[in-house]
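So the sequence lines, in the order shown, correspond to chains A and B. The letter at position 179 of the first sequence is residue 179 when you use this note's numbering, and the numbering goes up by one with no holes. The letter at position 364 of the second sequence is residue 364 when you use this note's numbering, and the numbering goes up by one with no holes.
Simulated from the structure, these hints should not be mistaken for laboratory data. It should be emphasised that the depicted structure is a prediction, and the values quoted were computed from it without experimental measurement. Accuracy of the hints is not assured; some may be wrong.
Okay, the calculated bits of chain B under chain A, using three or more residues with CB under 8 Å as the criterion [stated by the list, open to error]: (1) 45-54; (2) 117-126; (3) 137-150; (4) 176-183; (5) 232-244; (6) 271-281; (7) 474-484.
Simulated pairs of lysine-lysine, BS3-like, Cα-Cα distance not exceeding 25 Å [said to hold, decoys possible]: (8) B:388 x B:402; (9) A:97 x B:412; (10) A:11 x A:97; (11) B:585 x A:16; (12) B:526 x B:585; (13) B:181 x A:198; (14) A:153 x B:402.
Here a beta-carbon is modelled for each residue, glycine too, at the ideal position from N, C-alpha and C.
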Amino acid sequence: MSETTMNLTLKIWRQKDAKSKGKIVSYPISGISGHMSFLEMMDVLNEQLINEGQEPVAFDHDCREGICGSCSLHINGEAHGPDRGVTTCQLHMRMFKDGDTIFIEPFRAKAFPVIKDLIVDRTSFDRIQHAGGFISVNTSGNTQDANSIPIPKADADKAFDAATCIGCGACVASCKNASAMLYVSAKVAQFSLLPQGKVEAKDRVLNMVEQMDKEGFGNCTNTGACEVECPKGISLENIARMNNEYLKASITREA
Amino acid sequence: MSVLDAKIPEGPIKEKWTNHKNNINVVNPANKRLIDVIVVGTGLAGGSAAASLAEMGYAVKAFCFQDSPRRAHSIAAQGGINAAKNYQNDGDSVYRLFYDTVKGGDYRGREANVYRLAEVSANIIDQCVAQGVPFAREYGGLLDNRSFGGVLVSRTFYAKGQTGQQLLLGAYSAMNRQIGKGKIKMYNRHEMLDVVVVGGKARGIIARNLITGSIERHSAHAVVIASGGYGNVFFLSTNAMGSNVTAAWKIHKKGAFFANPCYTQIHPTCIPRSGDYQSKLTLMSESLRNDGRIWVPKNKEDVEAIRNGSKKPVELSEEERDYYLERRYPAFGNLVPRDVASRAAKERCDAGYGVNQTGEAVFLDFASAIQRYGKEAATVNHEPDASKERIIELGAEVIKNKYGNLFQMYEKIVDQNPYKTPMMIYPAVHYTMGGIWVDYNLMTTIPGCYAAGEANFSDHGANRLGASALMQGLADGYFVLPYTMGDYLADEIRTGPIPTDSPEFDQAEKDVRGIIDTLMNVKGTKSVDHFHKELGMVMWNNAGMARNETDLKAAIAKIRKIREEFWKDVRIPGEATELNSELEKAIRVADFLELGELFAKDALERNESCGGHFREESVEIGGEQEGEAKRDDVNFKYVSAWEWTGDPGEAKLHKEELEFKDIELKTRSYK
Ligand SMILES: Cc1cc2nc3c(=O)[nH]c(=O)nc-3n(C[C@H](O)[C@H](O)[C@H](O)COP(=O)(O)OP(=O)(O)OC[C@H]3O[C@@H](n4cnc5c(N)ncnc54)[C@H](O)[C@@H]3O)c2cc1C
Ligand code: SF4
Ligand code: FES
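Based on the sequences and whatever the hints tell you, model everything.
The structure is reproduced here in structure tokens:
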């Protein structure tokens, strides 16, 4: 496992807080192993900055295994960087080579204002869920037996695939319109595929879409960039399903 | 008489919970909105508690340090959740789940709590399905199950390798419904830094807004701590980077006893460390042990050859391999419980048989399973003449369907193809059975302060079975706290809102500001991580998988020294009045440095081996069990509950004697 290490130039967005203006700052870094994850490389940089008495670069992260959706870096112009099907924390340095310059920026969108450096505010995503991302059932302990309504495996599997969205926001950051359609459709589709979700289907889609618009996300023009960058492979099919649900709901609501 | 009263209801074990529910007080719906409840944590335990309490009508305030409740560490759970549904008709029952959990915990859990857990488990699955959680299903449309280590039935419900994610998103959606209605006020990016006790009761918390750095006061009639486990005291663990002990430790210092801090689960199948820059360890789900065989080479020359790359693992013949679990435990083989599997791996690596550069890795090999499945598939496909290559192709396809996402995760991290060469694995810290002591009602020794989920000590004894943490978190939040808290809150309907300008709030806020100011003013030379890594090294080397008196005493001395240096030499750049990740870490590491010492003290005091706690002084001598862990029921059949007296080294021990009325105490044997 003997290996050579890399020397890199990092160009990182630094911004003190929401009100300040930010700028790109350049940092040389050396001795980076290909086995490191991208965030471990950032740890090395931060340790170096602290030792030099400078402020480390702030970025969101927690699970470091691609499931919590915290990490959110725009690397060389791509949400979560050059690899496919991975989050920033799962990206490894072996994707880069000695001498590379790497641009690191926050996810950009009007609905995701920068809080500090590479950290953005994604609470707009939560507010869309407050508007309808649930099934109204109380925890009484008297719900019916879990097997009383069989669900065709194909539907359950599709609902699961939609439900694996981690709420990272890469879809928004990759979209030239900063649209949140892929994210919202993933939840709408999950519930529309399950019998438990049918009762509230109309209100759900109308309310969630309304909230999405209020938050300042852009319109979907079907560029498909979101699907390409989505680390969880959430499919455009979900958007089609949501459009369908939306249409049905708007017609009947107006009637 | 002990000061500890577990408040276990009278009557036969099967009737305790029902009778208790029938006899406790309830709060009239109109009065509930006059009562405030604070829930710290939005993982499975806190999220489910917050949603249920809000549905009942209480005014809930929920806190998490992430930017969204959906990102709590529970999201990372992979394998599944247990429930005694007996859908597979394989003889499962509430009693069997109860029995397996008590036995798996090596008889160090409280019977009554465990029975209740088993009893409500089935309801959890009903609840989650009603919420739209997409569990795996069979072709007939009914729910599918898998099995986990240490049990003989198939009772684990799952959603591929993302069970925790799906369950947490279920709880998150239940919270969202209440947030939308204004019944839960959500405080994201807030960290609780103290509990406020007024007149002997928990009446609120002090929290830091992590964006602005402002220190806030929040009052309530009761406080729930559901802040997760403290495995990160080891620095490297499978826990999320932010997982910490702070909330639990702060209530400990205000009067909540801390139980069995040394009970740690070290999970056998994790990806080994690759270098000093390593920030965390990644779990490879226990389910892999259903099909993977664990081995190291028999001969040292082969070990050397594999390490220096002159031989490949696949080149070793069957005779040259030591399938040490199958050799030592013929009955359970590769499916022995986690603690047993972890110690066996350490034993081989310590003896010099570790297969990677660091000497800390063993193989988890799928070649036999690929062969077996390949042949089966060839038969089913009517391909009697399938070539060797074709069989491997078919077999790999089956493995991919079962574990595809894990294999992909492994390949991304290690850059090796586990379909072609065995995985390398090594044990890693994963879960903490110890935690805040609670009574049957999940109340701590501070009246009005509750602890739920991994943060409490309640159900898993000295070792937790796979897929039981998710079950416990949701049981606590959905089905236990909503009842037991009502009993306490029934006396609070006339209390009125709790003011935040009392001397107790003043003092608590002053204390928190004091700690932050002191930390910011050290202006030393070393980063927070530097100290955290030092602590982790001591914990791992001296209080890890095998413990002895000498090492533990040395650990205590070393931790005290690191703690002293930390307060003299830590460097935190930036200001306290802004988003400051280093300050956040420093506050957490300061608490880990105290907990670490109590942990070692507890391990030292417990001179027996039980579950995840292995004392080298306490092993079986002679007979079939030679060399295995030896439990000592005569001297240690109790819960250790530590009271804070001003210094972790001076903590006072209280014992809750455990009674086993429904299960006979036996030696755990997996031979
Ligand atoms: C990789 C992995 C896989 C696992 N797989 C399984 C499995 O398959 N089956 C199983 O049963 N168990 C599994 N477990 C264990 C299980 O996931 C955890 O025990 C469980 O999810 C803990 O839930 P919790 O609600 O108690 O805490 P957590 O989910 O850890 O939540 C803690 C919450 O507390 C908040 N918090 C903490 N401190 C503070 C503070 N000071 N102020 C404010 N908020 C705070 C956090 O923000 C978070 O919201 C796994 C664990 C790991 C690490
Ligand atoms: S749809 Fe994909 S990219 Fe968008 S938030 Fe979900 S996981 Fe992230
Ligand atoms: S840190 Fe959790 S997904 Fe990257």
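Structure-based check of each hint:
no. : hint          : result
1   : 45-54         : holds (count 3)
2   : 117-126       : holds (count 4)
3   : 137-150       : holds (count 7)
4   : 176-183       : holds (count 4)
5   : 232-244       : holds (count 3)
6   : 271-281       : holds (count 6)
7   : 474-484       : holds (count 3)
8   : B:388 x B:402 : 22 Å, holds
9   : A:97 x B:412  : 17 Å, holds
10  : A:11 x A:97   : 16 Å, holds
11  : B:585 x A:16  : 19 Å, holds
12  : B:526 x B:585 : 13 Å, holds
13  : B:181 x A:198 : 21 Å, holds
14  : A:153 x B:402 : 16 Å, holds
Taken one by one, the earlier hints all hold for this structure without exception.
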